[in-house]
Structure formats: C-alpha cells, structure tokens
Amino acid sequence: MGVTPISWYLALSGMLFAIGTIGVLTRRNLIVIFMAIELLLNAVNLSFVALARSLGSMDGQVIVFFVMAVAAAEAAVGLAIMLQLYRLRETLNADEVTTLRW
Amino acid sequence: MVTVTATDALRWIVLFPALGFLWNLFLGRRFPGSAKLVGPGVLLAAFIAAVLAVLQLHALPAQSALRDVVFPWIDVGTLRANVAFWLDPLSAVMVLVVTGVGFLIHVYSIGYMHDDPDVARFFTYLNLFVTAMLVLVLADNLLLLFMGWEGVGLCSYLLVGFWWTKEENATAGKKAMLANRVGDACFLVGLFLLIQYAQTLDFAGLERQADVLRVATIGGWSVPLVVCLLLLLGATGKSAQIPLYVWLPDAMAGPTPVSALIHAATMVTAGVYLTCRLHVLYALAPEALTAIAVVGAVTAFYAATIAVAQMDIKKVLAYSTISQLGYMFLGVGVGLPGAAVFHLVTHAFFKGLLFLCAGSVMHALSGEQDMRRMGGLWRRIPITSATMAVGTLAIAGVPPFSGFFSKDEIIWGAFAGPHPHPVLGVVGYAAAALTAFYMGRLMCLTFFGTSRVDAHAEHHLHESPPVMTIPLVVLAVLAAVGGVLPVPHVVEQVTGHVRMDEATLAAKAVAIADTLGGLGLAWVFYVLRPELPGNVATALGGFYRLVRDKYRIDELYDRVIYRPVLAMADAAAWVIDRGFIDGIVNGVGAFVVSTSGAWRRIQTGNVQHYALSFLVGALVLVTYYLVG
Amino acid sequence: MSVPLFLLLAVFTVASALVIVIHRNPIYSALGLVSTLFLLALLFIGLEAHMVAVLQIIVYAGAIVVLFLFVIMLLNLQVEEREMVSRPLIGAAVVGGLGLGVLVLVGIALTPLAPPVPVQPGYGGTLTLAERLFTTYLLPFELTSLLLLVAIVGAVVVGKRKA
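Residue numbers (my numbering), protein chains in the order written: chain A, 1 to 102; chain B, 1 to 628; chain C, 1 to 163.
Calculated directly from the structure, the hints in this document are not laboratory data.
C-beta: ideal position from N, C-alpha, C; glycine also.
Check before you lean on any hint, since a few could be wrong.
What the hints assert, rightly or not - The calculated label-pair distances, taken between Cβ atoms and stated as ranges, are:
#, chain 1, residue 1, chain 2, residue 2, range
1, B, V585, C, L74, 51 to 59 angstroms
2, C, I27, B, V616, 41 to 49 angstroms
3, C, V106, A, R87, 42 to 50 angstroms
4, B, A618, C, A63, 57 to 65 angstroms
5, C, V117, B, R601, 28 to 36 angstroms
6, B, G617, C, G122, 38 to 46 angstroms
7, C, L149, B, V616, 34 to 42 angstroms
8, C, L18, B, Y625, 26 to 34 angstroms
9, A, R87, C, L110, 44 to 52 angstroms
Here chain A stands alone, though its shape is the one from the complex:
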C-alpha cells in the first residue's frame, strides 16, 4: 500500500480525455457535446495538477486556475449562443445546424 505514482494520475487523465473525445464526436445534442468538452478540460486540469505535484511547483495550479476562468467565460458565451440558436432553429441537433456548408 504505497503512495500512488503520479503516472497513474496521468493515465486517468488520458482515459478521461479519450472518453471526452468520443463524447464530442458521437452525441447529437449540442448541450451534451458542450458538456463533453468540459470533461476534456477537466481531464487536462487533472494532468496539470498531477505534474505540478510531481515537480513541486505551483505553476501547474496557477494554470488550472486560469483554465477554470476561461472555461467559465466560454460556457457563458457558448450557452448564450445555443439559446439564440434554439430560438432561431427550434432545434439543438448537431446534424440540423449545418448551414455553413458547401
């Protein structure tokens, strides 16, 4: 029963990232896609914190701080856009908002 090696945390981060990727690519509902993107961001946050611990530096945590701030801003604006989109198109199905096509 030792301390978990840092590389296990990184492995977990990788798995979460892979799951998030699959989520972005496979779901239709735009909100759920967005949630999967948040999952991606968090996987990366975990990675940062783990490595910060490994190196004994605070810099990784500062970066996580900033990531969170940006994610908040992004969520606010993104959801506002989706709100407008729903008002316009009556749908949030990714397959039905493809007007920027050839």
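Starting from the structure of chain A, add chains B and C where the hints point.
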C-alpha cells in the same frame, strides 16, 4: 566635302504649315472661312521662307549647305539622329517645288472645295501633309526623313478617304495606306541594316562611312546592295512603281486638288528624292541602279498601255503619273539623278496643271468624270481648255515646252549616260509615243469632236472662277517655259557632275517624231474618224479588255495575297485565339471549378466531422512525436 | 494518496464520465458532469492542491454546471430518439478515441517520472497560490479579468431576444 553653315532659318519653312495645321485643327470650325485663308496663307509664308533660305544658300560658296538643328533627338551609342534640317541644292529644289506648287494648289482648293461643309478639315489635312513633306525633304538624317515619309502616308490616307461616308473612298484610303506599309516595312529593314553596318543615319555621316560600307557583307550579299534594293522597294510603295503601284489609281477617289498635290507633284516624288539623296549608297551598289532603271522603264511602258484604255479622266492622269514616275526612276538608274529631278520638277508643273484642269472640267460639268460624256468643250471653257492644252503639250514632250527637255534627256541618257541600257531607251521611246497618244486622246475626247455631254450638265456648264483659273495659268506658264531651269546642273552639285555627250540629231528627230506621231494618231482616232477606236477595240477583243481592266493585277493580288492573309487572320482569330488560347484559359478555369467542386464537399457544416479531423490530425502528431 | 483510495475514486470518475457521454437524457449527463467534477476535486485534494479543489467545486460544479442546467430547463429539451450519430461516425469516433487513449498510455509508459518532490507546508494553499498569481502571473491575471468582462457583455448581447 561640304562646308556646313548653321542657321535658324530653315525651321520656319516647316513651322508655318504646322501652325496652319494647328489653327485649322482647333479653330477652323470656330471661325468658319478662316481655313480658306490660313491654309493657303501659311503655304505662301513657307514659300517666302524657302526663297529666303535658298538665297542665303546661294550667297555661300559652292559645296556649301545650311543646317538648322532644332533639337537633339536620339543619341544612343553611336547612333545620333537630331531633329535637324538640311538645305543643299537638292533639297532646295524640292522645297521650292513643294511650297510653290503647293501654294498654287491650296489657292485652287479655295474655289474647288468652296461648297464643301468640311473645308476646315480639308485644309487641316493639307497643311499637315505639307508639313510632313517638308520634314521629308529637309531632314538631315534618314530617321527624320522616315518620320516625314510616314506622315505623308498618313495624310494620303486621310485625304484620299476625305469623303469617307462613301465606302469606296474609305476603301481606297485603306488601300493606299496598306500598299505603302509594305514599302515602309522594307524601308525600315533597310534602315536597320544601315544602323547596324554604318552606325549612323544622317546623310553626311553616311558619306563618311562609305568605305566601311563598301566591304560590308551580310549572308554573302553586299550590304549596300541589300539596303539599296530594300529602299527601292520602299520607294516603289511611295512612288507607285511596280509592284506596289496599285493604290494610286484608286486614290483618285479623293478630291482633285489632293490628286494634284499629293499624287502628282509631291508625295509620289519622295521615292525619287530618297534615291537621289542616297546617291552615295547607290554608288556603292551599281546593280541596284540597274534594278531601278529596269523597274522604272517597265513601269513607264506598262502604265502607259493601261492609260490608253481608260475612260475616267482622272484614271488616265493617274496611270500617266505612274508612267512618268517610271521615267524619273529610269533617269536615276542610268546615272542621271539631275535629269530625274529635272523631270520631277517639270512633272510637278504639268501634271499638277493637268489634274487641276481635270478638276476644272469636272467642276464645269457638275462632277462628270467619264470622258464618254464629254466633248466639244473647247470654246465653252476657254481658259481650262487652253491651259490643259499647254499641259498636254508639255507632257507629250513637244519642244519648246518643259517636258521635252526633261524627258528626252532621260531617254537619251539610257543610250549615252553613265550606266547606259539601250534596250530601256527603246522602251522609253515606246512609252513616250504612248504618252503622246493617250494625252492626245484625253484632249480630243474632252474638248473636241461632238458634244456628248448630258443635258443637265450642259445646262450648268460654266468656266471656273478666277481663284481656280489663275493657278492654272501660272502653272501653264511654268509648264511652258520651265525647260530653261538649270535643274540638272543644280542637283549635280550634290550628286556629282555627269559628263554626257550632247544628244545626236537622230535621237532628237526620233523623239519629236514619236511625240507628234502620237498626238496626230490621237487626232485621227478621236476627231477625224471616231468610229476607229471602237473597231480596234472589238478587233483586239480579249486583249483590249485585259488592258482596260488594268491587266487584272488587283484581282491577282486579291487572290494571291489578300485572301491567304485574311484566311490566316481568320485562323489566328478563331482557331488559335478563340479555340486554343481561350480554350486553355477557360480550361484552367473549368479545371479549378471542377476540382474545387469536388473538394468543397468536405465542408459538411457538421461540427463533429470537423472535430473528427482534428482528432485524426492530433493522433498523427502524437504518433510522430512518440516514434520520432 | 494511497493506492486503494485512488483506485476507488478513479473507477467512479470514469464511470461518471461514461454517464455524461452515454446517457440519452441531458439532465442525467449534467448530473454525471457534476459527479465527475466532485470526484476530481477529491483527487485534487489527494494531490495537495487544496485551493484548486475548492475552486473546482465552487466555480465549476457550483456555477458552470448550474448554468448548463438552467439552459437545459429553459429550453425544455426532450429526450431524443436516436441520440447517437450515424454508425460510421460512431465507429470512427470510438476507434479514434481509443487510439488516442492507447497512445497516451504508451507515452506515459515510455516516459519515466521521477518520484514527487517533497513540498513545504502551505503548498497548494491560498497564500502560495496568491503569491504566484500576483507576481509572476500578474499579466494573465489582469487579462483574465478583461476576458470575463467581455464574456459577460457578450453573453448578454448574444442572448438577448430581438427587441
């Protein structure tokens, strides 16, 4: 060597007509009627300036020349060509003829073009023409001469097609321009060769380079010979010799003063002047002189035969001009440039006179040009008749009129000159006989016999006003007594004195018999026994028709030259340009459109598809970094 | 953090993540997201990043996910039939995702990490974080405040109903 004196006087000779051109161009319509005064006025000013300049030259010792450098123009490497004018005895003769005869014809035009609404435009073009012609004869280098050469060609086009609303007039103008262009192209190639081998284009310089040129060769041919032949071709274009004469008869579509000035007295003589001016070059290539003589003699005879069968009074005079120009070339070719220029001067007098008289006849008959509808005009328009008779006697070569002295000098030169060609002399006599015959024919058909004038013209028949008849009289006097002018002597101060035996009595007798015989025969044919011409024509049948149709050369050129060229142009335009080049351009465009049409399907608009491509890219990168 | 605790948290984290991605009802996906965030916060604590863990709960789970839920409720999103995309895309996505995961694991395996450096007390605390934030990272901090301002204004402007 020639001593050159600098002066400011020569530019005025050219400037006055240029100013007249500008006035008529911009203000001619604002001040109606001004053109009729300014046009001839500047010519008079130019003539006076010319006389003063010639007097200045005369005061200098022999072998002198005046040069007026207006401004430096081209100075590249060894080639230097300035806008500069050169007055020596040769150009003096030309200047006086151009301004003097030009002035008389301008005055005549006041009357002839009186009722034409485009009178201002007419004098504009005429003044421009005189400017260009003066540049041509006064230039001190070949490049400036060529500018004048092109200028007169342009004005010929503008003036022949003066009444361009009628399509055949515009076509005639075009034909004049195109035929000249062929000659000009040869001229240019000759110029290029001179620049290459002599490094200079001004006449004094060419003289200095004579030794260099003598031995220069290109592709095995002697350079002077090639240049002279090319310049000869250029001259045949401008001076209407075989093979480029075809434009001159068509050019009769222009107003008659134009025919008189340009196609008799001045522009067409440019080729003769050019050849005399370059006597240094021709001295280095005697074979070229032979070529000139042959071309001249053959053309003289050939054109005379066509003139015999023409019905239009202006066409007879046109072919007559071609024929007389042939005599001038013959003169140069046998080594008598002095005699050639002498004939040039007398020809300017009597041919100019003849054309103006023809214009007067047409004016009297309300525009009739066909001699079959003339006749019996002798007493009705006396001044015109008398002056035309003087002109006819002059051109036929009846002594003591001027033509006798100039023309027979040339024919005798074919036997006894520096480069004799007796055969060509005989041809010359034959052509002279024909000349007398067809001119006599013209006089008889127009003025004598029973009147065939139609009723309407008959009703309006009247002599021309003094503004037209006075120039006729002046020219008639010149044509009558011009034989005393010492032109050959003057010209030979520049080209070198020629020693030739005096013509034998036999030669003179043959010449006179020639002339009188021709005239007499015409009298018989057209006054005494008017049914004879018809009988002869029927008897000769096809041959007569061939001659009357000018040997169908125009049709030949059409088939052999125009149609193939037009076919090539068609091919180039439709097949090459439209089909091939546009095909390539459009093909590139179509290719881009089709490939992009295929590629754009990537833009599905579906965000997840884009995310998938991100993923793929990321995987590739990560693999690359792991492996590499 | 001890190994068994870590493994427990890891399993649950992965399970929550799968819920986000797989469940058809968006509300359930949101709940999955909340749970993932909480578990991650616990993992942060295990890594002695206390301040960040608290921030994670307050900001992420407490604000962002609430925002999500607001929008879902506002739009009254229904559970949709055929939630997933077309078959080929699913296949490509799974393959790609798994491939990515494999690659990451391979990468981790190939790069040995030194044992973690012992840290002073106060590591991961508010004071140390603030000290870093207001000295070395002052510029990004200020820019982030600007970013948040822009986001606020943007969200209001974009989300407005046409007047």
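How the hints compare with the structure:
A hinted range of 51 to 59 angstroms for the beta carbons of V585/B and L74/C is consistent with their spacing of about 57 angstroms. Judged by the Cβ atoms, the range 41 to 49 angstroms given for I27/C and V616/B is violated: they are separated by roughly 32 angstroms. V106/C and R87/A have their C-beta atoms about 46 angstroms apart, which keeps the hinted 42 to 50 angstroms range intact. At about 30 angstroms, the CB distance of A618/B to A63/C disagrees with the hint of 57 to 65 angstroms.
Distance hint for V117/C and R601/B: a CB-CB separation of about 53 angstroms, inconsistent with the stated range 28 to 36 angstroms. The hinted range of 38 to 46 angstroms is satisfied by G617/B and G122/C, whose Cβ atoms lie roughly 42 angstroms apart. One distance hint, 34 to 42 angstroms for the beta-carbon pair L149/C and V616/B, holds here, with the actual separation near 37 angstroms. For L18/C paired with Y625/B, a C-beta distance near 28 angstroms keeps the hint of 26 to 34 angstroms intact.
At roughly 50 angstroms, the beta-carbon separation of R87/A and L110/C lies within the given 44 to 52 angstroms, and the hint holds.
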